[in-house]
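Could you put the whole structure together from the sequences, leaning on the hints where they help?
Heads up: the sequence lines are chains A and B, in that order. This note's numbering puts the first residue of the first sequence at 1, with every later residue one more than the last. This note's numbering puts the first residue of the second sequence at 1, with every later residue one more than the last.
Since the hints were derived computationally from the structure, they do not count as laboratory data. Some hints here could point you the wrong way.
Said to hold, decoys possible - According to the in silico footprint, chain A covers these stretches of chain B (three or more CB under 8 Å from chain A): (1) 102-111; (2) 125-131; (3) 135-141; (4) 147-160; (5) 212-220; (6) 227-241; (7) 368-381.
To be verified - Facing chain A, a subset of chain B residues (Cβ under 7 Å, in silico): (8) Ala116; (9) Ala119; (10) Ala120; (11) Trp185; (12) Gly186; (13) Thr189; (14) Gly365; (15) Thr435.
By construction, the Cβ of each residue, glycine as well, lies at the ideal position given by its N, Cα and C atoms.
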Amino acid sequence: MRTPLLLSLAGSAVLAGFSVAALPFSRGLFRAPRTPYDASEATFTVPAWILLRRAAEVVPPEASVVVRTEPPDATNDSYLHRFAVALLPGRKIIPAAMWSIPTPPEALSGSDYEIVVGSVPPTPSGRLVLSIPEGTVWKRRP
Amino acid sequence: MRSGYLWLASLAAFPLVGTPLLAHPSFRRFGVACRFVLAAGVGMVLLSGTMTVWALAGWRWGPILLLVSAAVAFALRGLIPKGSDPAPLATQREIGAEGRSTPAIALLCACVSITAALAATLAARSTSPDLLLFWGPKAQQFAAARTIDAGFLSAPYLEYLHVYYPPLVTNVLAFGAMVAGRFPWGAATLTFPLLLAATGVALFGILRTDGSADRAAAASSLILSALALIGIHAAVAGNAEPFLLFFELPAVALLVTPAARSDAGKLLAGLFLAGAAAAKVEGLPFVGAVVLLFVLLDRAASRPLARTAILLLGPTAVSLGVWFAFGASRKVFYGYRGYGRSMEFHWDHFSGVGSAIGSALWKVGYALPFAVPILLLLAIRPGRGRALLPLGVAAAVSVFLLLTYLQSADDPRLWIAWSAARTFSPVTALVALATFGAREPR
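Written out as structure tokens, the structure reads:
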């Protein structure tokens with residue numbers, strides 16, 4: 001075998017070996033993940049993903065929804081708005097924050113549902129319709 | 001789960017659409033597997049283009065799209081004159097006359113890399129946040145609306161969707177979502193290992209027409225191994241990079257092999273260049289660099305110049321022309337947006353950008369997927385003719401990316417940290433492709 005080919009194959013073998021080494025063996029490679037982000041660097045999306053997928057079963061189409069974190073965090077709330085647009089199709093998503101700037105409270109008060117990622121809010125804003133470890137869903141109007 | 005399988009099954013539509021063109025005798029030299037993959041690429045370009053034309057015309061998407069795009073594929077055969085043959089028969093006979101050890105080892109390395117990419121994707125190790133942030137929501141909404149939904153793209157609070165991004169990735173994802181009845185997020189991430197494998201098959205099938213299955217196998221394996229490692233670390237599953245690379249690399253491979261001397265080869269390269277331009281914004285400067293360098297470096301193959309320009313650039317012009325016409329007619333966007341003022345670069349960020357890029361590449365397997373191809377290139381010292389096109393394009397893409405990062409008025413280091421390994425992946429793949437031109441022993 002010629003030297004250039006041997007070098008190329010050696011390079012491929014090294015890179016292939018590093019690809020195998022990059023696999024998340026310690027997290028259970030053969031266990032089905034709960035979300036597409038379980039073992040990624042974007043694990044912060046996992047609780048929101050789980051809650052929003054469950055919320056899609058109880059929040060009807062066309063409803064207006066605010067998604068936020070508890071305790072409040074404008075940067076996380078900005079991302080939650082985007083996640084909700086993706087995972088709650090057909091609903092009107094009102095951002096609790098945009099580009100890390102909180103939305104004025106009066107703009108949020110008209111929403112039909114409030115989805116809270118994290119702890120139960122100290123002053124609940126309506127009737128509880130879903131509670132799971134990742135967060136809660138509240139119906140604001142009767 | 002069922003929608004995921006249906007979505008994956010819908011991918012079979014793409015080779016079906018492209019088959020009328022790839023069934024032309026001029027493409028027989030590439031072998032059955034390679035032609036199947038090339039037909040899928042042509043099918044993606046034509047079906048996505050037809051979907052965009054339909055959206056521009058205000059028509060809802062339906063099954064007729066498949067017939068129309070397949071008819072376009074058939075009509076494109078008219079551009080191939082009789083006797084247009086990408087590889088002479090004499091060359092073909094030599095293929096297979098070499099030993100089997102090199103292709104076998106190369107295949108083993110490629111299979112290990114693809115299996116690792118598949119395992120990383122299934123284990124949710126490499127899913128891109130961009131899938132959740134904009135590719136998925138757009139595809140999901142377009143599938144529900146049965147068109148490119150201008151109302152969604154111009155809705156308040158949704159500016160972050162990058163509305164001007166070219167349409168191929170969202171169209172392809174949306175097509176499957178229409179078939180499946182909903183958007184299956186997990187199945188969409190499988191485009192990473194699937195397109196990686198398809199890229200390898202296409203590269204090997206094209207490069208081996210140059211007469212050496214050994215060199216073709218070694219170069220294809222090196223490219224695949226580098227891209228798998230980058231993709232796993234940089235989380236490209238569900239993002240546009242696998243699509244971009246699937247179109248970019250076979251296009252350049254076609255232009256460094258005897259296929260470049262035929263109209264059939266140029267047309268196929270032109271369609272794949274259009275796929276690259278319609279997959280990501282940086283696909284457009286890539287196309288410009290490829291065509292310009294091809295004309296400058298291979299003057300014999302690029303004659304007649306006007307016909308070569310039409311074959312190589314025509315599909316891109318039509319594809320992006322329709323997209324920009326859609327954006328302007330709906331008052332959603334007018335061309336591409338930069339990340340700052342055009343032609344204003346923040347040179348004071350230069351050292352920070354350089355160190356941030358270095359740091360981002362280092363985090364991907366200690367920069368090995370970038371360093372190994374460069375070191376091999378220096379050790380192998382390939383012949384000038386074949387290496388100059390991929391190396392020149394790699395340099396042009398690098399300059400474009402550097403200038404893009406320098407355009408940002410804000411500190412771009414965070415942006416670079418999560419994007420540079422992905423955006424520079426075509427550069428290292430092109431450097432690896434340049435090793436294909438290794439000198440024959442005297």
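query: What hint numbers does the structure not satisfy?
result: none
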